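Residues per chain, in single letters:
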Amino acid sequence: MIFKGRAFLFGDDIDTDAIIPARYLNTSDPEELKKHCMEDADPEFYSMLNKGDIIVAGKNFGCGSSREHAPIAIKAAGVSCVIASSFARIFFRNSFNMGLPIFESDEASGEISQGDVVEVDASSGIITDLTTGKQYESKPIPPFMQKLIEDGGLIEHIRKTGGI
Amino acid sequence: MGMTLAEKILAAHTDTQEFKPGDIIKVNVDVALANDITAPVAIQAFKASGLNRVADTGKVVFVLDHFTPNKDIASANQCKMVRDFAREQKITNFFDGGEVGVEHALLPEKGLVLPGDFIIGADSHTCTYGALGAFATGVGSTDLAAAILTGQAWIKVPSTMKFTFNGTLQPWVGGKDLILYLIGDIGVDGGLYHVLEIDGPAVSSLDLSNRLTMSNMAIEAGAKAGIIPADEKTEAYVKVRARRPYTLYESDPDAAYVSRKEYDCANIEPQVAFPHLPENSRGISEVGEVRIDQVVIGSCTNGRIEDLRIAARIMDGRKVARGLRCIVLPATPEIFRNAEDEGLIKIFLDAGAIIGPPTCGPCLGGHMGILARGEKALATTNRNFVGRMGDPKSEVYLSGPAIAAASAITGKISSPQEVLS
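Going down the list, the protein sequences come from chains A and B.
In terms of the working numbering, the numbers along the first sequence are unbroken and rise by one, the last being 1251.
In terms of the working numbering, the numbers along the second sequence are unbroken and rise by one, the last being 664.
Chain B with its partners taken away, still in its complex shape (with noise of 0.2 Å):
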């Protein structure tokens, strides 16, 4: 019997020289990650261990993205307390002031994760690299410590379901609206515990940026990874950026899966998932007169440089609605500077858009745009619980760049058509 791209990274990673789905293994880390909510509770952890010693400090990665630059003081000791510890373990990937990016914006920018990696990272959407065909899948405090510590993670072996995207991509559909449309279809535990393999002619056309979307989102259908199988696309994007040798892995045709699925991209519209669950997805053409009071374009989700031109082309020339407020969060420092230098920063101000550094904030409600009771907003983030993005009462919509933008200009959720026409 074949293996899967994911039963192959897990097999050179661990000493087990057999294993099946459900077998709980030991496996070697490539790269364990944390910010700077989850960092402290692991620091604790580390500390609480009495063992004091890092495995591998180049292993090691801490941002400080989530509620940087410091929106309080409790927020701003906790980052001292990170700080202090990378100081003191001697941790070189320790980004932290004008170093600042949205972690799973910049881990990848700046070649810390490769395909064929095992990465954990104590971030729910540390499943973003598997976009890169790598194992990545999100873990608490305690197992990132563990890693730490032992340079190890204990991982349950996942089945894997895959997904096949043909045809061709309608106009302005991107990774986003691809992801929703999956979720959309098998709800929001659909992938529970498995692994989701992603291929097709549909994703094959797509760049980094949007196949990074992609499985950014595997964790809202309760997916352990999200992975899509290098290509020359994938070696093109790494192999400037890597500064340690990488593998590519593709699945065996006789590989087994859990379950195949296969998307006809001519059926797909640009999609919006409506409160409260990504799973609440539908085309733009079901959405009907929602008025919305805030747009965020970045995050993790869509904060690359990609996502910024496509919601610049649109804004081009045009205003922000009265009344509604617009925030750019470009992703990472160099995100922003490749913004400036291509003039789309000064679209976005001149269309009355707010910039802001990157920063996680609005994304998950921890500042830098919070809503207020009763109010609504589109965002390209990839997660619209409730309360998610402030008040319990609010809601929030996610969407794709394009979406985003043209409904930034109307001041409703609209097409790009809607705005270009």
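So here's chain A without its partners, still in its complex pose (with noise of 0.2 Å):
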């Protein structure tokens, strides 16, 4: 699988308050929360995103709750794929149960402006700055959380195997 699109910064820290603030907590239809994805850190972020683009963020992305309405509002809203520096580990887990492809690599975030086109190759993990013409390896997923992707998420892969 590809992913393309441009590239929208974020700097270290990002938390699931700013993703998706918990005012916006009392439903979990994603149709409703894309609306408010990255909201606190970027009150534009939604009306400005084209479908298919890449959140490129710095270390730790995902801090502070469990709250899975993270990943589901930033899958609802379109965002293709997220590259960071690092990930809390919670939002790590909730993408990989969730099916939203994330990708690690200090390089990439450090590197990558805002706006550029960026291409992910989900399987090789190779990411391509398409407007510097830059490459960049992310890290290795284990092949237990590539098992989890294959099956479509956690909940597939227990009906598929009778557990986890």
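Please keep in mind that the hints were generated in silico from the structure rather than gathered at the bench.
No experiment lies behind these values; they were computed from the predicted model shown.
Ideal Cβ placement from N, Cα and C applies to all residues, glycine included.
There may be inaccurate statements among the hints.
Taking CB as the label site, the calculated pair distances span [as the list claims (entries may be wrong)]:
1) A:Gly1239 <-> B:Glu532: 36 to 44 Å
2) A:Glu1131 <-> B:Ser448: 50 to 58 Å
3) A:Lys1122 <-> B:Val533: 28 to 36 Å
4) B:Glu261 <-> A:Glu1224: 43 to 51 Å
5) A:Thr1219 <-> B:Ile597: 49 to 57 Å
6) B:Gly586 <-> A:Asp1116: 44 to 52 Å
7) B:Ala485 <-> A:Asp1116: 55 to 63 Å
Computed list of chain A residues with no C-beta within reach of chain B, every gap over 10 Å [as the list claims (entries may be wrong)]:
8) Lys1091
9) Ala1094
10) Glu1224
Subject to a maximum C-alpha distance of 20 Å in a straight line, what follows is the list of computed PhoX-like cross-link-like pairs (lysine-lysine) [claimed, not checked]:
11) B:Lys482 <-> B:Lys353
12) A:Lys1091 <-> A:Lys1226
13) B:Lys269 <-> A:Lys1247
14) B:Lys333 <-> B:Lys302
15) A:Lys1226 <-> B:Lys399
16) B:Lys263 <-> B:Lys405
17) B:Lys399 <-> A:Lys1234
18) B:Lys290 <-> A:Lys1247
19) B:Lys269 <-> A:Lys1234
20) B:Lys290 <-> B:Lys302
21) B:Lys619 <-> B:Lys636
22) B:Lys269 <-> B:Lys399
23) B:Lys562 <-> B:Lys589
24) B:Lys333 <-> B:Lys323
Bring the two chains, given one by one in their own frames, into a single complex with the hints.
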């Protein structure tokens, strides 16, 4: 699978309250949540976003609360994948369990500029900045987590295998 | 090679014979917890599985504590969905209405989480139970649904970082100050993917309430768990509450730690974390003049009876500063009742504070104390992210109950000494 879109840059420690503020958590409807995606980090984000665009962030993306509403909002908004220098652990799990593709690369996170067109090959983990021509390798994904993605998330995995 | 406390708990809950940090293993879950925000998403995932079976209803706990008493129609509908599911699946550990307490204050109090347990909760502050010598970690709703369906969770085996607090605590310093100091030192991702094992004479001198405060904020350093080895105080706390067996583990002397750090409590004064990250902590003497509009005393971090006693001691016979709103939320019905019996509620009311029901409410900007644009609050809660308590242009400062109570009296962030002298 290839993802291609414009890069939207965010800094370090983007927390889940910035991704989807708790004031909107009285629903879990993706169509509602997506309208407020990244609202407290960049109020213009959702209105500027085209389907397939990519979030490129610094370290510890998704820190804070365990709310799965965060990856749900990002996915529903039309973001194809998230690249960050590192991810907070609950957000990391949630993304695999929910089927939001995420990639860890310190270099890509540091070098990609706002608005660059970026392509990510999900199977090889290779990130290409088409604007600059530079390529980056993302951190390999453990086999168990690759299996989760292949099966279509954790619940589908349980359905197929009868357990975790 | 010896094992850490965390590794021993994992070994007791998995069929995998040998494992090392970084391995992904399947673990049997003792308790699976969710609240009125995360349970609805878990229930949807549960239903989508088509399996329609709860592995063990006795291990599931639901607490409707975040947007309750329901703040609007949408949150009422979310609670109803959880209520219907709990009834349908015969989940007995379901806390609703007058039985609701803030989940991480409620579960230890009820003896539902015990030393040696492996606990997951669809709430990031599930790590609180590490203070009982349990392995407790926050997960998302899908993980929770999977645990309800299978009784298991997958986990990447973490390495352990060790933190030892030596020396004697300075006046008005409690668990909140020690953990804010630690987070200030290592940063909000300083413990990412790791277990924090916290010990030392200063930690041993703390009661369970203060230890729960410390473990509660392990996630604010990015950690998977924050474990304090169980001792005689832990045992005294759990033995009157437990209704099932439990196991006290300790790390082997030759256990492998990824890092070790020692702090001298002689150097730790009461702490305040500045906006907008818990790592922005500094000693009260370095705070300067910060005027505030609101004080919140409550939450899973500092809403226990011991916290209310400290606050009441400072507020007794004094008045909340004019123009400041001081909101006190006892974290559980039992804490509320004890606060009433001990005369603390009267002290707060006489001081001009607002007393609210047990709820997470303002901590996450849900309800019962939302900030307007440009306002500043000091809270005994655990997060001060942008917009956490209301308007994205408001600010939250974090502290323990002593500084919070003193600041409610003066109207600016203040040391208790300033009020009592």
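Here's how the hints hold up against the structure:
1. A:Gly1239 <-> B:Glu532: 36 to 44 Å: violated (56 Å)
2. A:Glu1131 <-> B:Ser448: 50 to 58 Å: With a Cβ separation near 51 Å, A:Glu1131 and B:Ser448 satisfy 50 to 58 Å, so the hint holds.
3. A:Lys1122 <-> B:Val533: 28 to 36 Å: holds (35 Å)
4. B:Glu261 <-> A:Glu1224: 43 to 51 Å: Violated, at about 31 Å.
5. A:Thr1219 <-> B:Ile597: 49 to 57 Å: holds (56 Å)
6. B:Gly586 <-> A:Asp1116: 44 to 52 Å: For A:Asp1116 against B:Gly586, whose Cβ atoms are near 46 Å apart, the range 44 to 52 Å holds.
7. B:Ala485 <-> A:Asp1116: 55 to 63 Å: Because 40 Å falls outside the window, the suggested range is violated.
8. Lys1091: With a cut-off of 10 Å, A:Lys1091 remains clear of chain B, as the shortest Cβ separation is near 27 Å.
9. Ala1094: The assertion about A:Ala1094 holds, with a minimum of 22 Å to chain B.
10. Glu1224: Correct as stated: the minimum Cβ-Cβ distance to chain B is 19 Å, above 10 Å.
11. B:Lys482 <-> B:Lys353: holds (11 Å)
12. A:Lys1091 <-> A:Lys1226: holds (19 Å)
13. B:Lys269 <-> A:Lys1247: Within the cut-off at roughly 17 Å; holds.
14. B:Lys333 <-> B:Lys302: holds (12 Å)
15. A:Lys1226 <-> B:Lys399: Holds: A:Lys1226 and B:Lys399 sit about 16 Å apart, inside 20 Å.
16. B:Lys263 <-> B:Lys405: holds (17 Å)
17. B:Lys399 <-> A:Lys1234: Given that 20 Å is the threshold and the Cα spacing comes to 15 Å, the pair holds.
18. B:Lys290 <-> A:Lys1247: The hint holds at about 15 Å.
19. B:Lys269 <-> A:Lys1234: holds (14 Å)
20. B:Lys290 <-> B:Lys302: The hint holds at about 19 Å.
21. B:Lys619 <-> B:Lys636: holds (9 Å)
22. B:Lys269 <-> B:Lys399: holds (9 Å)
23. B:Lys562 <-> B:Lys589: Given pair B:Lys562, B:Lys589 holds - Cα atoms ~12 Å apart, limit 20 Å.
24. B:Lys333 <-> B:Lys323: With Cα atoms ~15 Å apart, B:Lys333 and B:Lys323 stay inside 20 Å; holds.
Figure legend: structure checked against the earlier numbered hints; hints not met, in rising order: 1, 4, 7.
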